[in-house]
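Keeping the supplied structure of chain A fixed, place chains B and C with the ligands upon it in accordance with the hints.
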Amino acid sequence: MKDIAYLRPQILQEASDYLLAYPDAKLLAGGTDLILSLERKKVTPTHIVDLSGISHLNQVVFENGILRLGAMVTIQELHEIPIVRDKFPDIAVAAGHLGCWQVRNRATLGGNLANAAPSAEMAPPLIAHNAKVKLVSSQGERMLPLEEFFTGPGRTIMHQGEVLAEIIVPEPREGLEMRYSRHALRRSMDISVVNVVVHLQLKGEIVIDVKIVLGAVAPTPIRSKRAEEILVGKKLDNILISNAAQAASLECQPITDVRATAGYRRKMVQVLMERALYSFFKGGAALES
Amino acid sequence: MRLRDCKEVLEMSEFNIIGKRVPQKDAVEKSTGAAQYVTDLKLPGMLYGKILRSPYPHASILCIDTTRAKRLPGVKSVITFSDTPQIKFGPLVDDWYILAKDKVRFIGEEVAAVAAVDEDTAREAIELIRVEYEELPAVFTPGEAIQPGAPIINPEYPNNVVSHFKVERGDVEQAFREADLVIGDEFYANQVYQAYMESMACIAQSDGRGHLTLWLPSQVPSKTRMSYAKALGIQPRDIRVIRPHVGGGFGAKMEYDADLICALLATNTGRPVKIVNTRMEDFEAGNPRVPMSFDLRLAFKKDGTLLAKDLKALAGNGGRTVYGPAIMSTACYRIDSLYRIPNLRADGRLVYTNTVPTACFRGFGNAQATFALESLLDMAAHELGIEPAELRIKNSFNNGDTSPHGWFISTSGLADTIEQATQAAGWNDKKRNKTTRRGIGLACTNHVSGNRGFYRPFDGSSAILRVGESGQAVLIQGEAEIGQGQNTVYAMLAAEAAGLRYEDVTVAQVDTLIGPFGLGSFASRGTVLGGQAVIAAGKDAKRKLLAEASSMFNIPVEKLDIREGVVCRLPEQTKMATVAEVASHYMFRQGGCPLTGEGVYVPDTVVPDPVTKIGNISPVYCFATHIAEVEVDTETGQVKVLNYFASHDVGKILNPVGLEGQVEGGVVQGLGWALMEDMVTVNGKVQNPTFLDYRIPGVRDIGKIHVSFVETNDPKGPYGAKGIGEPALNPVTAAVANAIYDAVGVRIKSLPITPEKILAALEHTCML
Amino acid sequence: MKVNIKIMVNGDPYFVQVSPFRTLLDVLREDIGLTGTKKGCGEGECGACTVLMDGKPVNSCLFLAVQAEGKEITTIEGLAAGNLHPVQEAFVAKGAIQCGYCSPGFILTAWALLKTNPHPTEEEITTAISGNICRCTGYQKIVEAILDAAQRLQGGVGNV
Ligand SMILES: Cc1cc2nc3c(=O)[nH]c(=O)nc-3n(C[C@H](O)[C@H](O)[C@H](O)COP(=O)(O)OP(=O)(O)OC[C@H]3O[C@@H](n4cnc5c(N)ncnc54)[C@H](O)[C@@H]3O)c2cc1C
Ligand code: FES
Ligand code: FES
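Chains as they are written, first to last, in my numbering: chain A, 184 to 472; chain B, 16 to 783; chain C, 1067 to 1226.
Think of the hints as simulated: they come from the structure by calculation, not from any bench. Since this is a predicted model, take the numbers as computed values, not measurements. There's no promise every hint is true.
[To be verified] Mimicking SDA-like on lysine to any residue, the simulated pairs with C-alpha atoms at most 20 Å apart in a straight line are:
id, chain 1, residue 1, chain 2, residue 2
1, A, Lys224, B, Asn292
2, B, Lys719, C, Val1209
3, B, Lys554, B, Pro730
4, C, Lys1181, A, His262
5, B, Lys655, C, Val1082
6, A, Lys224, B, Lys700
7, B, Lys57, C, Val1082
[Stated by the list, open to error] Now the stretches of chain C that chain A is said to cover, found in silico as 3 or more residues with beta-carbon under 8 Å:
id, segment
8, 1138–1152
9, 1204–1216
[Unchecked claim] Take a look, some chain C residues computed to stay more than 10 Å from chain A by CB distance:
id, residue
10, Met1074
11, Asn1076
12, Asp1097
13, Lys1122
14, Pro1123
15, Glu1155
16, Ala1194
For glycine and all other residues, C-beta sits at the position ideal for the given N, C-alpha and C.
For reference, chain A alone in the conformation it holds in the complex (with noise of 0.2 Å):
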C-alpha cells in the first residue's frame, strides 16, 4: 500500500495510457468511494490516476436542447446549478439526497456512475432522461446508452483503458413531468433502500409517455417495463396505479442485506410507485398524504 504510485494526467488520452500500461492501476474522481475501499483494502492498486487535472472533465454545457455532463461534476454541482434545477429537476432533486453536503462536494457524478452500485442515487434519472455516456480511450472514443452501461454490482461494460467522459443528457419533451423519490431508514445520509423515478405525460387522463426506473432493487438500475406497458395509453386511475405499482414490485429482483429484507423493498418499490403515480393523478381520488 504504501509503494502505492500517484499519477495527474492533463490529457484524457494520458489517463488512458496509464490505465493500459499499468492494469492494476484506478482512477481517481472525488474519492468518495474510492478512497474507501483503498482505507478497507477492497482494491489495492499500484497506480493512482487523479482525473482532477483534466480540465474539461468538469464543464457543464447546455446546447440546442442537448445536457453535456463532465464526468467530473460533482453531485453538488448538480444539485445547484440552475439549468438542471429548471429542466432536469429530478436529477437535481436526487443529486440532493446523495450523502451529505461534505460528500457531495467531493463525490462526482462519472464516480457515481462508474461505481456502479445497485443504489448510485444518479443512475435512475438519468436512465430515465435517455442519458448516454460518452466512455473515451487512448483508441477512441463511443457513445452508448447508460441503461446499457451497467452490467452487475460494481460492474460496467467499460473496457480496459476507457474512461467515462461525459454523459448526455436530452432535454424532455415539452409536457413530460419527473418525480425522483427514495426510500431510506434515515432522512438524510443514508443510502437508498429503493430508489424510485418515473417519467410520465398525461394527454388528459391518458398517460401518452412514461418510463420506471428502480435503483437499489436488483443488481443494476432497472427498468420496470411492465409497469409501463401497463399504463401507457391508458387512463390513468386507482386500478391502474395499483396495478403498475404491483407490477413494479414482481418485475425487481432485490436482496436482503444489511439494510432491508428483498420482501421489504418489493413493498416499497410498490409504495413509493402509488405515490409517484398519484402525484400526477389530477381527477378522482385524492392524493394519498
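Structure of chains B and C with the ligands alone, referenced to chain A:
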C-alpha cells in the same frame, strides 16, 4: 465581570451562580480546536500500536508465528500471550488475559500486538503475523448458550451462566392468585453501541523503572488502576492515569484491554506507545450494551393497584465479562423503586456467548428493564381501562418511602413529573382528540445517583480546592468529566460554597498522581457524590478564608461573609477585602503554601447484603416522565417523532444548560435505540460496523424536544440536586413504543422498532 | 513512492512529503500538527474531520493529501485568530458543545453555510449539517447556535 459590590450581591437570590445558565467551562477551547484529547496527543519518540484480533468467534490457537512481523523495518515490538504477565484478571470476573492464551472467544479478541514507528508499518506488521486456529463450535445467543450440550466458553462456568441473580419479596404466588388482572409478555432489548465520537484510545509510557503513565479517555481513571495493576502484576501506585479531554463515553470507557496492551508495548520498547481503535475495531470490540430478553408478569387489583411483579431475564455477556453481572442485577431490581409493588420476584441469568463482551451503556440494565416494564404497564392500563398516566401516579413512590429492597427514597418527584409532562404535551387533549396515525405515549423511570457496592472498598468522593494568591482557585478531584459538563457544575458548586467568582475557579484535569481517588463517572453519580465533596471543599476553603480575614481585620468570623470573591462585614455588608488579598495574606504567612479547602463526602448508603440484597445504594433517587408524540406511515412503517416531552425530577436545577443538554442528548440516544440502532450480528460477526449502516440519529431524524424540570430539593443532594445522565435515556424506548401503539394499534416488544417490524405487525392485525 | 506537495492551510504554505495514500486528515493532524480537525470514523460518515476546501466543507478523511495541492484549506484553527469567531461564540453561548469532539466539524460546516446563506431556515440548517454526527447534545442546541450565529454575523447582538 466587574467586581460587584457586596451589598448588591447579597441582595440577590440565595445563590450567586447556582441555577444560572452557564456554558461549559471548557467550551471555548473545544470550539477552537485547542482542546486536547488522547487521540490528539503525541509524545516525543512515540510509537504506534496495533492489535491483531481474532477473526473467529471461538477457536483454539495452535500456533502464532511472528518472525516476519518482527523482521519488518520499523517494528519495535511484537507481543503474544507469552510476552504478557499471564495473569487472569477482570473488573468483576477474572476471565481476561491481556492477550489470548490458547483460545479466542469472540471475533475481535486480542491475539497479538505490535508497536512500530508509524501506523502504516504497524498495520503491515499485523498482517505479517500468522496464526493457526482450529475452529471450535460456537454459540451466539444466550438462549442457545444455556441449552444442555451447548459449547462451553469458559470451562469454569460449564453451563455458560456467568451470574445468576435472584431476589424475592412478599408472596408473589399468592399475589398472582388473588389478582384481578395478571398480564405478562416477553420483551427484548437489543445490543446497541455507545457511538461516542472519540473511539477508544490510549497512550502509555514507562519510565524504565516499572512506573507507567497512561493517558486515557477514561470514565474511571482511579479505579482502572486497580484491575490494571493486578493484570500487570504491579502495584496501583506504579500506574499514573492522566485523563485529558474525553470525546464521550456513555458507559463504555471503563476498563479496556487495549490499554494494557499499550502498557506492555511501552514497557517493552521503553518508548511511548499510542493505540487508537479504528471505528470498525471499536464497533467489533468495544463495550456495547448488554442485550436482554425479559419475561415479565404483573398482577393488579381492579383499581389499578400493583400487587406483584415477576421478572425473568436472560442476558448476553459476550465472550468475557466486563460489567455484565452488575448490569444484570440492576435490570432485575433497580426498577422496584419506581412503583410500590409489595410482592416481587426476579430471576436473571447472564450468559457467555461467542460475541463481543458487553458492558455499561447509559441506563446500566435499568434502561433495558424500563422498556419491558413501561411497555407492559401501558398494556395493563388498556386492559384495566385506566388512563396510563393515572395508573402510574396511583402506584408511584412518594417522599420518605422505602422500597421493598430497603432503598430509602428521601424525595420522589415522580407524580410531579407526570403532571408536568402531561401538561406540557397537552396529553389529555391529544388522548381525547386522536388524529389517525398519530399517537402519544408516556413512560416513566427512576434511577440512582451513585451505586453503593459497585466498588467494594468505598463509596463517596473528595475534593481539594486550592485558592492562590490572586484569588484564583484550582479544584482538584478524581471524578471524570467525559463531556457531560461535570466540571462546569463543580466549578459552580465550588464558587458558590467558597464565595468565589465562578470565573476564578479552574477544574484540574484528572491526574491520579496528584488528585484524590475518585470513583469516576458511572451510575449518574458525578453531580451528587462528587458535588457534595466539592461543596465541602468550598466550605472548608471559605472557613479558612474567613478565619484569615478575621485575624487580618480583627473582626469575629461570624461578622464576616464572602460572596463573589469579596470579603465583607456583616450586617452592613461593607467590603473589607478581596479573596485575593486574604488568600495572599494567608499564603505569604504560610511560607508560600496556598490556602486549601478539603472536602469529603461519604454517603449514608448501605451496600446490599449479598444474600438478602437488602441495602440502600444511592443517597438520592431520580425520577422522570417522558412523552413521545409520533406519526406512523402505515405503508412504509416509518415512524416520525413529532414532539418529545421530558420532565425530570432533578432535585435542584444547578445549571439549566447542562441539564437540558443531558436530557436532549439522552433522548436522542434513546430515540436511536427505539427506532434504528442495532448491532446486527451473524455468527458472532457484526454486519454493520460503520456509521452508515449502524444508524444513529442525525439532526433530521428527531422531533422537537421539550425539556422541563421538577425541583424536589432533596436534603441529601448537593444544594438539593440529583443525577441526570442515565434517567435521560431510560424511558425513551417505552415512550416511543407506547406512542406507536396509540397511533396504529400495534405493540412492538423487541427493539429497535424498525419499519419492517411495524409493517409486519400491521399486516398481522389486518389478517386477524 | 512519496510525493512532495505544497498545501495551503489557513493561509500558510506547508511543504510535506506524503505517500499518495495518505489522507489530508492524517497530514493535518500528524504531519502539520493541527489536531483541531478530529477523526471520528475515517470513512466520511461522521463529519468530525470537516475542513473547508476553497470555502466548501469536505471530509478530510476522504480526501487524499495529494489532491489538496493548489487548494485553500481552512481548518478550525484558521477560523479566527485570537478572538472567537461569531459562530464559535454562538456554539459556546448556546450550550451546543458537550464533549466537543464533533464541534470543530459542526462549526466549520455552519460557517460555510452562513457565508453563502446568511439567513438560513431551520430546514436549510439541518440539510447543511446532516453529515455531522453529534452523540452528546441531541442537536437541538446546535441548531439554536447556528440560528444565533446568523444573527451575530448580521451585527445583531445575538441573544445570549
Ligand atoms: C458517507 C457517504 C454517503 C454516501 N451516500 C451515497 C448515497 O446516498 N447515494 C449514492 O449513490 N452514493 C452515496 N455514496 C457513494 C459515493 O459518494 C458516490 O458513489 C460518489 O458519487 C462517487 O463519486 P467519486 O467521485 O467520489 O468517485 P471515486 O471514489 O473517485 O470513484 C469511484 C469509482 O469509480 C471510478 N471512476 C471514477 N471516475 C471515473 C471515470 N470518470 N471513468 C471511469 N471510472 C471512474 C473509480 O476508479 C472508482 O472505482 C456515499 C458515500 C459516502 C462516503
Ligand atoms: S472522520 Fe471523516 S467523516 Fe468521520
Ligand atoms: S458534543 Fe460530543 S459528539 Fe457532539
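Status of each hint after checking the structure:
Proximity of Lys224/A to Asn292/B is assessed by CA-CA distance (about 17 Å); at most 20 Å being required, the pair is judged to hold. Note on Lys719/B and Val1209/C: the hinted pairing holds, with a Cα-Cα distance of about 11 Å set against a maximum of 20 Å. Annotation: proposed proximity of Lys554/B to Pro730/B holds, straight-line Cα distance about 17 Å (limit 20 Å). Between Lys1181/C and His262/A the CA atoms are separated by roughly 18 Å; this keeps the pair inside 20 Å, and the hint holds.
With a C-alpha separation of about 48 Å, the suggested pairing of Lys655/B with Val1082/C is violated against the 20 Å cut-off. Pair hint Lys224/A plus Lys700/B holds up; C-alpha atoms about 18 Å apart against a cutoff of 20 Å. Between Lys57/B and Val1082/C the alpha-carbon distance is near 18 Å, which keeps this suggested pair within the 20 Å criterion. A stretch counts as covered by a chain when three or more of its residues have a beta carbon under 8 Å from one of that chain; for the segment 1138–1152 of chain C and chain A the count is 0, and the coverage is violated.
Residues of the segment 1204–1216 of chain C with a Cβ under 8 Å from some Cβ of chain A number 0, which does not satisfy the need for three, so the listed coverage is violated. The beta carbon of Met1074/C sits about 16 Å from the closest Cβ of chain A, which is more than 10 Å, so the claim that it is off the interface holds. Non-interface call for Asn1076/C relative to chain A: holds, since the shortest CB-CB distance, roughly 19 Å, exceeds 10 Å. Here Asp1097/C stays apart from chain A, with its beta-carbon at least about 15 Å from theirs, past the 10 Å limit.
Under the 10 Å C-beta cut-off, the non-interface status given to Lys1122/C relative to chain A is violated; the minimum distance is some 5 Å. With a least beta-carbon separation of about 5 Å from chain A, Pro1123/C fails to lie farther than 10 Å from that chain, contradicting its non-interface assignment. At roughly 23 Å, the least C-beta separation between Glu1155/C and chain A is larger than 10 Å, which holds for a residue marked as non-interface. Not every Cβ of chain A is farther than 10 Å from the Cβ of Ala1194/C; the closest lies at roughly 6 Å, contradicting the non-interface assignment.
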